[in-house]
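Given only the sequences and the hints, what does the whole structure look like? Please build it.
Read top to bottom, the protein sequences are chains A and B.
Note that the numbering used here has the first sequence beginning at 4, numbered continuously upward.
Note that the numbering used here has the second sequence beginning at 102, numbered continuously upward.
No lab work stands behind these hints: they were computed from the structure.
Be careful, since some hints might not be right.
[Said to hold, decoys possible] Within a straight-line C-alpha distance of at most 20 Å, the following computed DMTMM-like cross-link-like pairs (lysine to aspartate or glutamate) qualify:
{"no.": "1", "chain 1": "A", "residue 1": "Lys55", "chain 2": "A", "residue 2": "Glu309"}
{"no.": "2", "chain 1": "A", "residue 1": "Lys255", "chain 2": "B", "residue 2": "Glu124"}
{"no.": "3", "chain 1": "A", "residue 1": "Lys255", "chain 2": "B", "residue 2": "Glu154"}
{"no.": "4", "chain 1": "B", "residue 1": "Lys113", "chain 2": "B", "residue 2": "Asp267"}
{"no.": "5", "chain 1": "A", "residue 1": "Lys32", "chain 2": "B", "residue 2": "Glu124"}
{"no.": "6", "chain 1": "A", "residue 1": "Lys167", "chain 2": "A", "residue 2": "Glu203"}
{"no.": "7", "chain 1": "B", "residue 1": "Lys234", "chain 2": "B", "residue 2": "Glu385"}
{"no.": "8", "chain 1": "B", "residue 1": "Lys185", "chain 2": "B", "residue 2": "Asp311"}
{"no.": "9", "chain 1": "A", "residue 1": "Lys36", "chain 2": "B", "residue 2": "Glu124"}
These numbers come from a predicted model, not from an experiment.
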Amino acid sequence: MIPLHVIQVTVNAVMAAERAASFTRRSIKASAKREGLRLAMSMLDLTTLEGKDSPDKARALCRKAVRPDPSIQDLPSAAAVCVYPSLVAVCVKELAGTDVRVASVATGFPSGQYPLEVRLEDVRRAVGDGADEIDMVINRGAFLAGRLGQVADEIRETRRACGKAHLKVILETGELETLDNARHASDLALAVLAEFEDHEDGVDFIKTSTGKVQPAATMPVTLVMLEAIRDHHAATGRRVGMKPAGGIRTAKQALHYLVMVKETLGDAWLSPALFRFGASALCNDIIRQYRWLARGVYAAGYDVSES
Amino acid sequence: MTPRLDVNKTYKLYIGGKFPRSESGRTFPVIGPAGQTVHACAASRKDLRDAVEAARAGLTAWSGATPYLRGQILYRIAEMVEGKRRELADAIDAASPARRAPRAKAKTKPPAGDAEVRLAVDRLVHYAGWADKFQQVLGCNNPVAGPYYNFTIPEPTGVVAVLAPDEAPLLALISLLAPVLAGGNTAVALASTRSPLPALIFAEACATGDVPPGVVNILSGDRAELLKIFAAHRDIDAVHAANLHSDHLAALRAGAAENLKRVTARSGVEWSDAPACHDPWWIEPFVEMKTVWHPAGA
Chain A
4 MIPLHVIQVT VNAVMAAERA ASFTRRSIKA SAKREGLRLA MSMLDLTTLE GKDSPDKARA
64 LCRKAVRPDP SIQDLPSAAA VCVYPSLVAV CVKELAGTDV RVASVATGFP SGQYPLEVRL
124 EDVRRAVGDG ADEIDMVINR GAFLAGRLGQ VADEIRETRR ACGKAHLKVI LETGELETLD
184 NARHASDLAL AVLAEFEDHE DGVDFIKTST GKVQPAATMP VTLVMLEAIR DHHAATGRRV
244 GMKPAGGIRT AKQALHYLVM VKETLGDAWL SPALFRFGAS ALCNDIIRQY RWLARGVYAA
304 GYDVSES
Chain B
102 MTPRLDVNKT YKLYIGGKFP RSESGRTFPV IGPAGQTVHA CAASRKDLRD AVEAARAGLT
162 AWSGATPYLR GQILYRIAEM VEGKRRELAD AIDAASPARR APRAKAKTKP PAGDAEVRLA
222 VDRLVHYAGW ADKFQQVLGC NNPVAGPYYN FTIPEPTGVV AVLAPDEAPL LALISLLAPV
282 LAGGNTAVAL ASTRSPLPAL IFAEACATGD VPPGVVNILS GDRAELLKIF AAHRDIDAVH
342 AANLHSDHLA ALRAGAAENL KRVTARSGVE WSDAPACHDP WWIEPFVEMK TVWHPAGA
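Below, the structure written as structure tokens:
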């Protein structure tokens, strides 16, 4: 069933690109950069989503998330680790007693091309294993074919299956072809999530990409989704979180995104409760930049651990 | 008829196979090949950082390429430099007023700039030849008391900083750079501060010489300003320099101690002395010796 009030908003792609580019021209130096890097680290969903992931790699990732750089005292922990469902239990055990949350991709990530029952079971098991957050993928095939009711129903079912776990809805904008579609899919997801009574700030997120499809997160598409969240907040008063994922590899890019969030949604969203980065390489670049600020020396690749 | 406009090019940096301006936007005036004033970019610490990133990214492909291919590409650079002989010679002569004078007087005698370019091409050709041969000279098969073969094989050190002196702005740079590249390393070179143009024109030869992006990076700018950044950067594995001021050398060694960079600082080199500069031992400081035990079979 399609929520009735979802209307299709068109996006001016040229102006979206122009506006997004404007956020990359801010000068962020010294103490502001330092705080920006700390904030970015605290918003990081440190991610590993590879076929070769093993329990040991997941454990190493967890330790890295808790203490990204053992040589620097004041760098905060990452917000969460993000892993496949089979590694949730390992991470939950490793992260017990810390503030780092466990996020799991589910619903037949990354394609979602599985029967709905299988996808929902995927979610239930990840939640059963202790996942705090579930990253679901929408049914892009159904969306592009115009079966919006099916897309909405599946998001609704997944949200129910999550129980107390938070939900991030991955639109996979790289497969949605246009910014109009990205906006439409955002509005649809936001409308479905708004149906739930237990909706508090930060319980629900929308997320750009799986990271398995190019292009993944870009600034224009993230801007369009942030604007959908802004309009949703204006209309309903609900604060939904945002997670760009895939392709954000440098600390500088992360700062650009933070500027965009601040200037689109305001300070309330500058918190791990409402904004996350889905990334892996970003962590080490933040560490290297932070070390530069702390010591005035450029770090070598081998100075920081891999995972 | 409208008089033709002068084309006064600003000579760019060469980083990762591209020709960016300095991120700082700074330039400084230098005398161009035709005696006119042109501008070169004054690289900042961030340009240096970007160049090291590019060199690190380019290292896998270059160190993994076959030595034969590296030799071919060095030879191709030599060919490209040969094609830019006139431009390079003019740039060298323009930078050196003392050299311009005899050129005007004695028309039969080739100007000093041209001689320097020819020597530079010869040097590239020489090290192109060594690219797939120095391994036999520097490596060895070690005698051991057991049923094993024991080899020692030279492998590239990594990212090497090349700090060119002010004299012989092309020849000295190439003499320092060619052994580094032949050894399979990638380089971040700082051109002569006083006469950067020959090095920046050489960068254009590299760009058309099939050099993979990031293998050669060339910066122009103030040596005194950049030297400490070179010295302290932990992702630079070695330094090849010549005729450094003693203060600069001390600063370089102090910074290099931090991550155990290999520093090879030459002084008093006669750059036009080919037998002195054509030497596989110039490659040796920029390789790491790996010793391997292997069962002898039988």
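Take a quick look at whether A:Lys36 and B:Glu124 sit within 20 Å of each other, Cα to Cα. It holds: about 18 Å lies between the C-alpha atoms, which stays within 20 Å.
Do the alpha carbons of A:Lys167 and A:Glu203 lie within 20 Å of each other, as the hint requires? holds (11 Å)
CA of A:Lys55 to CA of A:Glu309, is that 20 Å or under? holds (15 Å)
Is the Cα-Cα distance between A:Lys32 and B:Glu124 20 Å or less? holds (15 Å)
Going straight from one Cα to the other, do B:Lys234 and B:Glu385 come out at no more than 20 Å? holds (12 Å)
Assess, step by step, whether the Cα of A:Lys255 is no farther than 20 Å from the Cα of B:Glu124, and give holds or violated. Satisfied, since the Cα-Cα distance of roughly 14 Å is no more than 20 Å.
Taken at face value, is the distance from the CA of B:Glu154 to the CA of A:Lys255 at most 20 Å? holds (15 Å)
Against the 20 Å threshold, does the CA-CA distance of B:Lys185 and B:Asp311 hold or violate the hint? holds (16 Å)
Take a quick look at whether B:Lys113 and B:Asp267 sit within 20 Å of each other, Cα to Cα. holds (19 Å)
Violated hints are absent here; each numbered hint is respected by the structure.
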